[in-house]
Amino acid sequence: MSHEVIRSTVVPIIYLVSTVFFIFGIKQLAKVKTARRGNTLAAVGMLFAIVGSLLELGVIDYRWIGGGMLVGTIIGAAFAIRVQMTAMPEMVALFNGFGGLASALVAGSVFWERVVEQSATGRIHQVLGTDSAITVMLSILIGGITFTGSIVALLKLQGNLKKGQPILLPARHFITLGLLAGSFVIGGFAVAALAADSVVLVLVLSGAALLLGILLTIPIGGADMPVVVSLLNSYSGVAASMAGFVIGNPLLIIAGAMVGAAGLILTQIMCVAMNRSLLNVLVGGFGVAEGTGGGSDEYTNVTSCGPEEAAMILENAESVIIIPGYGLAVAQAQHAVRELADLLKARGTKVTYAIHPVAGRMPGHMNVLLAEADVPYEDLLEMDVVNPEFKNTDVVIILGANDVVNPVANKDPKSPIAGMPILNAYEARSVFVVKRSLSAGYAGIKNELFEYDNTMMIFGDAKKVIQDLIAEVKDL
Amino acid sequence: MTLGPLLIGIYVFVLASFVGFEMITKVPPTLHTPLMSGANAISGITIVGAIAAATTGAPTVANLLGALAIVTATINVVGGFLVTDRMLRMFGKKKK
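Residue numbers (the working numbering), protein chains in the order written: chain S, 1 to 476; chain R, 1 to 96.
In case anyone wonders, no lab produced these hints; they're calculated from the structure. Among the hints, a few may not be true.
What the hints assert, rightly or not - Facing chain S, according to a computed beta carbon distance under 10 Å, are these residues of chain R, among others:
1. L3
2. G4
3. A50
Unchecked claim - Just the calculated beta-carbon pair ranges, DEER-fashion:
4. S/I6 with R/P28: 18 to 28 Å
5. S/F459 with R/P28: 30 to 40 Å
6. R/P28 with S/D453: 32 to 42 Å
7. R/L3 with S/R37: 34 to 44 Å
8. R/L3 with S/D379: 47 to 57 Å
Note that CB positions come from ideal geometry on N, CA and C, so glycine has one too.
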């Protein structure tokens with residue numbers, strides 16, 4: 001078979017097969033039973049895509065390609081195999097950043113080869129073609145934003161950069177929007193510029209994109225990072241799609257567009273769960289108090305108790321609901337929690353888990369953590385299912401969750417979290433709140449649940465407290 | 001009516017976006033993180049563009065950029081699929 005036939009017929013068919021694998025892969029990833037197979041299908045689709053692209057190129061020098069894939073595989077596999085389950089959100093952010101960077105680099109490489117190395121004369125839109133010229137600029141812009149945005153998100157998830165607090169520059173909206181508008185102008189000039197002048201413009205555009213990624217992400221607080229990572233995931237899809245326009249490859253356009261749409265939907269789902277608009281998240285600064293008076297933020301009438309007392313109450317409980325939050329992930333307490341639940345179950349107590357849609361730092365974060373500790377899937381109850389149960393529940397144990405159980409969301413229409421759906425933990429007969437201190441949650445507001453008569457605080461690290469509870473329950 | 005390559009590309013982009021929207025509407029929250037991670041691995045498809053950008057052995061800037069793109073895209077692809085599989089493996093085992 002001649003290379004021409006391979007290029008014109010075989011390769012497009014392979015790309016089509018790859019697309020079908022991606023579609024079935026994503027569809028199956030969305031169902032619990034088939035999710036793992038879906039991931040495998042998508043990976044097979046990727047293998048087809050790579051084989052197709054190599055066939056398309058014919059006989060070439062494989063040194064850069066082979067070397068690059070080897071290095072990438074070693075680094076990617078090392079990260080994926082060694083990462084702790086608790087650090088999963090950071091990992092997704094990091095990989096996502098690399099994906100965005102790759103798309104920007106592809107565009108940069110095409111630009112450099114066809115404009116600089118071939119010493120092109122004339123204007124860029126003539127050298128590359130208008131559509132390729134525009135998509136090269138968009139690839140660099142979106143890919144660059146995705147890269148630095150993801151790295152900032154990663155650092156914030158790790159608790160770096162002012163402990164993940166919003167960083168608010170003066171006149172930040174003006175600077176950011178100005179830079180974004182400026183980037184479009186520079187990109188437009190680069191498309192219209194003479195080849196000799198365009199290099200500087202493209203370099204400036206790259207710098208502006210990298211800076212934009214940082215500026216867009218730093219004003220957003222650490223707990224909103226899931227939304228940001230999800231949105232950046234959508235961006236990296238769009239960046240790949242733009243790279244597809246640059247090299248004229250429909251597979252990139254399709255796969256990139258699908259990921260772009262999927263990321264956007266997921267982002268929207270997360271915003272709805274927090275009862276906030278995407279704009280409200282992206283503007284940033286959420287939870288930074290703007291001149292609130294001290295008085296109402298002080299806690300009065302807080303009761304605290306030790307593990308011993310808590311164990312005695314647990315002894316008589318017939319039903320227990322555990323509400324995990326980010327504190328569980330930080331303390332890596334998932335295995336200890338499972339052990340406590342097993343102990344209580346062995347004594348005939350009914351134990352379930354209430355999962356708030358935005359608990360933790362990623363949608364489904366708590367599910368992943370608890371699954372790691374072999375908690376049965378059936379024990380994890382979603383908010384709508386579990387909320388009617390609280391009235392008939394003896395004990396609720398809240399582990400490092402705060403805003404998602406704050407009754408003020410239902411009561412005070414002026415509260416920053418007003419209208420956010422919460423877990424009605426306060427309706428249970430006894431509520432234990434395991435927390436390191438009385439410090440505010442992400443929304444930066446007081447949690448009046450801590451003052452309720454049926455609430456008892458157990459101060460300490462979640463894992464340590466649970467281990468103490470296990471010891472006490474064993475002694476009963 | 002004859003469509004130029006750019007218009008065909010835009011057609012494909014718009015239709016694929018709708019496919020993406022339709023596929024993701026109903027997902028149990030449990031699967032949000034793995035789905036995000038798996039979709040993220042698929043966005044590493046840009047590796048195909050990266051491969052096409054480093055086709056000669058010469059140490060030129062374009063090839064170096066292409067090679068760097070291959071490294072980063074491969075990290076995205078390999079790491080993304082592996083990490084997704086690790087997450088999903090945990091869901092699998094307690095379903096027995």
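A quick look at each hint next to the structure:
1. Interface restraint check for R/L3: the shortest CB-CB distance to chain S comes to about 13 Å, outside 10 Å, so the restraint is violated.
2. Interface restraint check: R/G4 against chain S, minimum CB-CB distance 9 Å, threshold 10 Å, status holds.
3. Because the closest C-beta pair between R/A50 and chain S is about 5 Å apart, less than 10 Å, the hint holds.
4. Judged by the Cβ atoms, the range 18 to 28 Å given for S/I6 and R/P28 is violated: they are separated by roughly 43 Å.
5. Hint check: S/F459 to R/P28, Cβ distance near 35 Å, so the stated range 30 to 40 Å holds.
6. Range check, R/P28 to S/D453: Cβ separation about 36 Å, and the 32 to 42 Å hint holds.
7. Restraint check, R/L3 to S/R37: a C-beta distance of roughly 36 Å satisfies the suggested window 34 to 44 Å.
8. Between R/L3 and S/D379 the CB atoms are about 54 Å apart, so this pair conforms to the stated range of 47 to 57 Å.
Violation of the numbered hints given earlier is confined to hints 1 and 4; the remaining hints are satisfied by the structure.
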